[in-house]
Every structure is written in structure tokens, then in C-alpha cells.
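A.B. asks: The lines below spell out each chain.
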Amino acid sequence: MQIINTLPVAATVKAIVQENEQVKTFVLDLSVGAQPGQFVMVWIPRMDEKPFSVAMDNGKELHLAIADVGPFSHAMHQLKVGDQVGVRGPFGTEFTCEKGQHLAFLGGGYGAAPLYFFAYKAVAMGCTVEFVVGARRKDLLLYTEQARQLKGVNVHVATNDGSEGFEGFNTVLLEKVVMEGGIDCIYTCGPEIMQLKAAELAVREKIDAQISVERYMKCGFGVCGNCCVDGSGVPSCVSGPVMPLAQVLELRDFGKYHRDKLGKKQYYNF
Amino acid sequence: MADLSVDFCGIRFTNPIVLASGVLGVTGDSMAQVVRNGAGGVTSKSLWPHEHLGHPNPTIVTSEHWMLNAVGIPDAGPEKAREEIARYREVCDAPFIANIVGGTMADYAAIAAEVALMQPDIVEVNISCPNVEDELGKPMACSIAKSSEVTKLVKDALREAGAGHIPVIVKLSPNVENIVSIATSVLNAGADGITAINTVGPGMAINIDFAQPILANRVGGLSGPAIKPLAVKYVYDIYRAKHCPIVGTGGVCTGEDAIEMMMAGATLVGVGSAVWLRGQDVFGQIVREMNDWCDARGIEKLSSLIGKAHANH
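First to last, the sequence lines map onto chains A and B. Count along the first sequence from 1, add 1346, and you get the number used in the numbering used here. Count along the second sequence from 1, add 11, and you get the number used in the numbering used here.
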């Protein structure tokens, strides 16, 4: 179904949760009917408007986990309870699973937020979730405690400095989980190099995967063309962000480069 | 199965539906995707002779009947264009129309010289963007003298670069007193055809909760189904006066819309905003609908419909 009306609606900030030194969760007083993996455009009038993946939409509230990393997110971090922002969406594809499956999630950085939302939905469908997350250090972990509260979710933590859980990359931890067997599908959201490792593992072990491919989005509904991936050429705001493994493997840019707001290639430095 | 092919300025298109400039068109692969989805050809986003920043977001919003955009013509410059066009040629053989733009006369000459080397099938000159007035002033398409001068400059630049054979078409603005007089001036200056129309207005949408214009640029070009009657009328007027090759664009969403535009006088039909209403495969949907319409009426050649609405007047 095509989205006809893409005008922003006003939402009020109901609560703000400081998740860690970089990230706040903004609880907005509306539901847009978003599914895990989808995103919304958040507008601050006279400032800008940016895409954010949804950390929870429970039919009453919309949760967005936003890291203070640029001018827009910094402006978001200045908001107080009672302030208003504009919201358009939801846009894009969602993570999907079948009832009763055994799933492995790989989240890095803020990628843990949409995966938490998906875990919430998956366990309600009788799935078991291996929730693998990573961060540079313990106090930068995101949504780990919330995920632990969900029955049917096993949380696996990796930190670069070993301040919590496994010392090293979360991709190593994912491989361990997968090698134990029985995983139906791998889901990943976060830095592209991490996702590339997950994709390679999925191919090697012949397991299906769904990958959230992040590109520079402007309109959100497949018109401006800025977020088109190379290879298939489809706009990632419509055919993504969540793409099945087979589609991702055909991309020419995945794991290599993304494009800036002028469409210029920006290569990843690994 | 009707013959849907058309000849436009000596270039053969397997069907008349082309991606309009400004929609998708950032990368070679995305334009090839449009062709895979059924388009007979593509037009790039406007190419600048140098890097040009667009506007901040929101840049495009839609309601049921219209789209407003102030993307602001972002482009990374000729180096990226060369790479993307080469990629398009590698994977796709449908005609490629390079849309060019500039802020000054010198810009137009410079980008024309650059694109000459990229060997597009057609060069389309954008002199009618309504969402960069704060930066560039009134579009050149609003002045007979300027639209004529820029056409000459582009033609000369292409000739000097050894690409004088590439047809030049000029994209006109509906936001003028008399579009036929502008069309006449650019054709007299050497243009081989006309694209009509660019977006209307600019227009504005205000969010009443914030009491703020929604677009960051405050105003933006109006497109979508709401403007189709204007586009049809201007194409009709230009064809009636000049009988020149025309890319008719503005609000076309269905095969019937495209046939209407051809009957007004268009040889090619640009499709842009319809991607929002009908999705990425809108091009193929429109082509199928045109074919079905022709088949149901025993029309063997779609091109026989070009300008047909003029026959009875």
C-alpha cells in the first residue's frame, strides 16, 4: 500500500529517559502504528527533520532512542517534557518472523533499540530470542535491561573493554550463539561492518537473515532518490530499511560505502 | 499489443514514459531500476557544474491530491555525474536525458560543456525551478530574454565540445504570463523541443499546531494530480502554436493521463510525483494501461495519438 498523506502531525513529549551518557529515549504521546524496523521522520520546526527508527510503538506511545551526535539530535536533546515535535510516518519495511521460532538478534550501538521493539513483538508470538548486543563499554549499552525483562529473551553482552560480559566484538558472540544450533533467522541493526559480518555468518551457516540497511533519507517515501542503494537501485526508505539477506547480498554498496546528502559516495573506514 | 514506440528529436524510445527530472535519478542504478520498472527513458536530477547543497528537511510533503517539494536541487557536481551516467550506460540501453542547471549564465555554459563529454541522448535545460528563488532569484524561464540567451549558450557550448548533434530541450515554468511566448523564444534560440511543465507556484503548506510552514524552505513547487489540467493546457497551447517535440509532464498518474497528455501534443510523457501515489513500478503500470487502452480500441500505433485533440478544432 502506498502512503498518501505524508504531512507531519504534532506530538508532545510525555517523558524523557536518559539511557546512557549519549542516548535519551523520547516518549511521544501518539501511536503511528509503527512495526519493529520501521522509521518515522521527526521534525523540529525551523530546524530540520531527520529519520529515526522506532524503539517502541505500543498503540498509545511512540518511543524513540536518540543519540546526541549531530546538530539535529543535539536539538532533540534540549527538548523538555511538554515540548512538541512533528512526526511523519511510519515508513519502510519491518522485521518479520513466524510463530515459535528461535531467533538471533545482533545489535550494535543504537541498533539495539529497534531490535528491543522486535524482541517485544517476537516473544509475544512465542519466539525465543538470543539478544546479542555490543558497546565500547558497559555504560554505553542500550536497552539491555529492558530486554532482560522480557520472558523468552536471553541477553548476550559484549563490550570492547570487557567491563560487562564478553570482552571483544559482539559478532564473535553471535557466532557462538549461532554455532550452538537451532537458529531460524538472524536479525541485525547497527554499524554496517558489524552487519556485514552477520551476513557472512548467515551465508556460511545457511541461515536466513534480515538486515536493516541505513542510507541518507530525505522524503521517506521513495521519491527524492537520495537513499537508493546500488545494485538493485531501489530506495531504501521503501524497499528497506529492513531487507532480506538475498537482497542485501546483491547490493554493490553494502559493507563498502553509503552516500551523503548530495548523493556522493562515502566509503566506510574499517 | 500496440506499437508504443515514439521518435523524439530523432531518438527512439520503446515507449513514451520517461522519468521526470528531480524524482529518483540520483544514481545510475536507481535510474536503471526505473527502466526495469517499465519506463522508456530517464531524466537525471539536475546536474550542476559544481557542488550544490539542497535545502534542509522537510523537503517533500504530500497530501491526497498534491505534492510540495523544495529539495533545492542538490548535486555533487560533474565527477559524480560522469560516474553515475557511465554506470547507467553499463547496465541500461534506454535513452538518457541529462537535465542541467546553473545559478548563472556561466554555470549553464560550464555544465553544458561537461555533459557534452558524458554523451547523453538529449540535454534538458532546467530554467524553471521555483524553490530556489531566495538563492537564485526569479527563474530564467520567466524572462523571454534570459530563456533565449541560456538556450543559445547551451547550444553553443555543446557545439564547441563537438556535441552539436545532441538535441536540447528546455524545461519551462507554468508560472509565467504567457508560456507560448517563452517557448517561442527558446525555439527561436535553437532549442529542439520543450519540456512542459515544471512545478507550479511555489505553494505553501502550514502545520496549524505549530503555526509554521512545513517545508524548511517555506515554499515549494506544486506537483501531483492537482496540476494535471494546467500541464495539459500548456502542452496543448505550445503544440498548437509551435508543433514542436514536447515532453509533457505534470500530474500524470495513469495510462489514461499519459494518453491525454499525448493528445494535447506531447511525444514523451514525464512521470515523477506519481511514484508517491502508485509506487516504484508506476512506470510499467502506466505503460500497460496505455497499451490496454489502445488494444481495446484497435489503435496500432500509440504515436498516432500525438496532438490528436487538435484535429477537431
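If you are wondering where the hints come from, they were derived from the structure by calculation, not from laboratory data. Computed from a predicted structure; not experimentally measured. In this text, a Cβ means the ideal position worked out from N, Cα and C, and glycines have one as well. Hints may contain errors.
What the hints assert, rightly or not - Derived DEER-like restraints, expressed as beta-carbon distance ranges:
#1 K1552(A) / D145(B): 49 to 57 Å
#2 M1393(A) / D306(B): 47 to 55 Å
#3 K1426(A) / E62(B): 34 to 42 Å
#4 M1393(A) / E188(B): 34 to 42 Å
#5 E62(B) / P1417(A): 49 to 57 Å
#6 K1602(A) / E75(B): 35 to 43 Å
#7 E1551(A) / H76(B): 46 to 54 Å
#8 M1471(A) / S74(B): 43 to 51 Å
#9 M215(B) / K1426(A): 49 to 57 Å
#10 G290(B) / G1446(A): 28 to 36 Å
A.B. asks: When the structure is checked against the list of hints, which entries are broken? Sort them ascending.
C.D. replies: Result: hints 5, 8 and 9 break, sorted rising.
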